[in-house]
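Asker: The primary structure of each chain is shown beneath.
There are 2 protein chains.
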Amino acid sequence: MLTIFIQQLIERLGRDKVSQNETELFRHSHDESFHKPVEPDVVCFPENRQDVETIMGVARAFQVPVTAFGAGSGLEGQAIPIKKGISINFERMNQVVNFSPEDLLITVQPGITRLQLNKLVNRHGLMFPIDPGADATIGGMVANNASGTTAVRYGSTRDQLLNLEVVLANGTVIHTGSHAKKSSSGYHLTGMFAGSEGTLGIITEITLRLHGIPEHTVAARCTFDTPKACAEAAAAILHTGIPVMRMELVDADSISQVNTYGGYTFPVNHSLFFEFAGTKNAVEEEVKFAEQLMRELGCENWDIASDSKERMELWKARHELAYAYRHIKGMAVTSADVCVPISRLPELVVYAREVISKSGLLGGIFGHVGDGNFHTMVVFDPKVEGEKEKAEYTNEALALRAIELGGTCTGEHGVGLGKIKFQEKEHGEALTIMKQIKQLLDPDGLLNPGKIF
Amino acid sequence: MLTIFIQQLIERLGRDKVSQNETELFRHSHDESFHKPVEPDVVCFPENRQDVETIMGVARAFQVPVTAFGAGSGLEGQAIPIKKGISINFERMNQVVNFSPEDLLITVQPGITRLQLNKLVNRHGLMFPIDPGADATIGGMVANNASGTTAVRYGSTRDQLLNLEVVLANGTVIHTGSHAKKSSSGYHLTGMFAGSEGTLGIITEITLRLHGIPEHTVAARCTFDTPKACAEAAAAILHTGIPVMRMELVDADSISQVNTYGGYTFPVNHSLFFEFAGTKNAVEEEVKFAEQLMRELGCENWDIASDSKERMELWKARHELAYAYRHIKGMAVTSADVCVPISRLPELVVYAREVISKSGLLGGIFGHVGDGNFHTMVVFDPKVEGEKEKAEYTNEALALRAIELGGTCTGEHGVGLGKIKFQEKEHGEALTIMKQIKQLLDPDGLLNPGKIF
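Chains as they are written, first to last, in the working numbering: chain B, 1 to 453; chain S, 1 to 453.
This is chain B alone, in the form it adopts within the complex:
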């Protein structure tokens, strides 16, 4: 039986843009997190902004929740339609609207993925550098203010935005900025919609900064005796002002897990992974300087690679890490995403190890230490009573400690479902203002209800 709002969607959008197919409902019920899947009532596949306006109109008329869905690669349940209703899939809105290489700007629809985008712009010597690992959609990355390994150099997705086109809950279409590189005109709505996780409006167009592809890239890897020593070495690099492209920590337990999972023999110690990029001369100077500094700080190995295949090989343990934890048969994984000022990073890394050890569960520490941002992965057996709670407790302890140290419970994954409980502690009275803004823009609570707050 078709409910009336679905009939309306079919009538107004056409049957091929509306699906209740079981596979589609299942695909839109979950992301890559361990949060409980919930199927939407229906999935819509808009092909342009007008389709999104139509969907929003039906949602308003029938008071049905609307949740945007990108690549489903989120880690905090943002795309799970926990109140059911309409899931909007943007895979048919993956076009370039306008590409201006001379301005280092591109305007895209939200459904284009970052690899699709880079394929298009790379041939012009340009890149969209933000790299969260997964091939997320640009819309999803904007909605969650994603970042990843290159944030140490380029910042987060929010920092790449010049303009957003947004369909509001009341049907109004706004643009939040312009194509000017900077502006002091009016309130900065672009920054507010970025990271709002689909709770304030549906983004239908995105104007992004692009960056030149560096001429030369060198990867490096070294190991230390303790994760604390890694964190301190990362801070030392930052203070030299070397504009590292990537700087990642992988702790010994995680290296060990990668070895087990992939049959590798990487040296089981706490490792720092680097990437340096720029003109050839500058990179060579930086690498030499970084090596000297790391050796002074007591690093045990210093391997480098400049050829693209060798670089991949050198970084393999970092790349395969998430899979190594996620693909243990029958087991589930929780992941923390804390971010603190770099000076507090060593103590938080030490604390993370303690908390994981106390839990008795398998787990590791890794992440973007150049930003003060790192993750834990803690593996639990959903069938064993109490294990999930123990795993979640590690996240909770870590998030609370990060907030106490002047940091945040989420550096890049977003709030979604998993970080709601820390919002009051982190934001205090500001949370009231955020809720009022939500109420102002979405008085009926139709946009991704149950997220952030």
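No lab work stands behind these hints: they were computed from the structure. Note that the coordinates shown come from a computational prediction; the quantities given were computed from them, not determined experimentally. Be aware that one or more of the hints could be misleading.
Heads up, simulated DSS-like pairs for lysine-lysine below, C-alpha to C-alpha not over 27 Å straight-line [unchecked claim]:
#, chain 1, residue 1, chain 2, residue 2
1, B, 438, S, 435
2, B, 435, S, 438
3, B, 438, S, 438
4, S, 36, S, 83
5, S, 388, S, 84
6, B, 316, B, 280
7, S, 280, B, 280
Following the hints, put chain S in place on chain B, whose structure we already have.
Answerer: Frame of chain B, contents of chain S only:
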């Protein structure tokens, strides 16, 4: 006669923090713009956040407007209390709250000026790089999202912010961020309060990113036959990816005005001013490459200087420019602040020259061409009927054209009084959302009324 709200302020703050002295009322009646001065009823000098809360409490109780005042160096009348009431001067709130050199972070009160701040942090090898020319307060720079000559490398003031403490109209005190370098937690209020020109709350603490002072700096200057050629040369430099520290245009008319004003003999042609900064080797490479490129594009001179005194000398025409226009006896000046995508810069510069020429007034073009942002200064005699209107028309024509080219009416000066008339054209329906946010946070309209909207 003291009105009751002023008596209340004196009672609750103490007499030494409240002034109705004529000199003070006059000082707080204007900024550096040509907008009509209006004196406040009273000036308050808070010494801490509690004093600001007290002032806000009295303002609420008596429904009196409150306008924040920094250094009075604004260019669009933001600090002019056009509805009278209370002017809050932050000169006694100019302390460092917390300095964490290892995190490249500092928390300051809003009344500290950028030169005071740099004096403190420079000795640690760090700097706050944003340079709007004037020795503005950090509070004023945040409120207007100021930038200036270094934005081409470091972005605007908004890009330097990690956290703001804000006293809201209803008396609530919020903090908008954390000390983490990046965050995906909650709505990005920091970005919204930055650039809100004191209309959403009173900022009482600011946490800023700092940057390392580059090891080596080289200044350069070259000239071209047309402003268009300068704009094209600026775009060409950007495309090479050279991270210029500063890149400024000064047109021939402005050079001529500087020569007249200061008795100099700078070559009267359209000039590009550069600063390159970094490690010695990198800078030398960059300068060599830039010179080659500029010569290929037909530049006529290429002068460089690396010694600090010689650099100052080389940049003199740029530094003295604003004074050269502002200090013509009996004359007033209007200033535009347009910003467009770099590819549209040459045509907008050509248009600016046409519009100024047609006005028959003395005027020049200069600015931060690396951002696509430039200013005009047009000199008029306030005593001659119609001259002010002609001067203002040049601004208006330019702002409208900038918006049509995908840009903004204000790249860095802010909206204040002068750019209100362009807000609807630039922001469209988004302006309604901005007004609703204003209404939400300041329902009685007490915070800097009459600005932005």
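Asker: Take the hints in turn and mark each one as holding or not.
Answerer: Now the hints, each set against the structure:
1. B/438 with S/435: Holds - the C-alpha atoms of residue 435 of chain S and residue 438 of chain B are around 15 Å apart, at most 27 Å.
2. B/435 with S/438: holds (15 Å)
3. B/438 with S/438: holds (14 Å)
4. S/36 with S/83: holds (12 Å)
5. S/388 with S/84: holds (25 Å)
6. B/316 with B/280: Status holds; Cα separation ~24 Å.
7. S/280 with B/280: holds (15 Å)
Comparing the model with each earlier hint shows no violations; every hint is respected.
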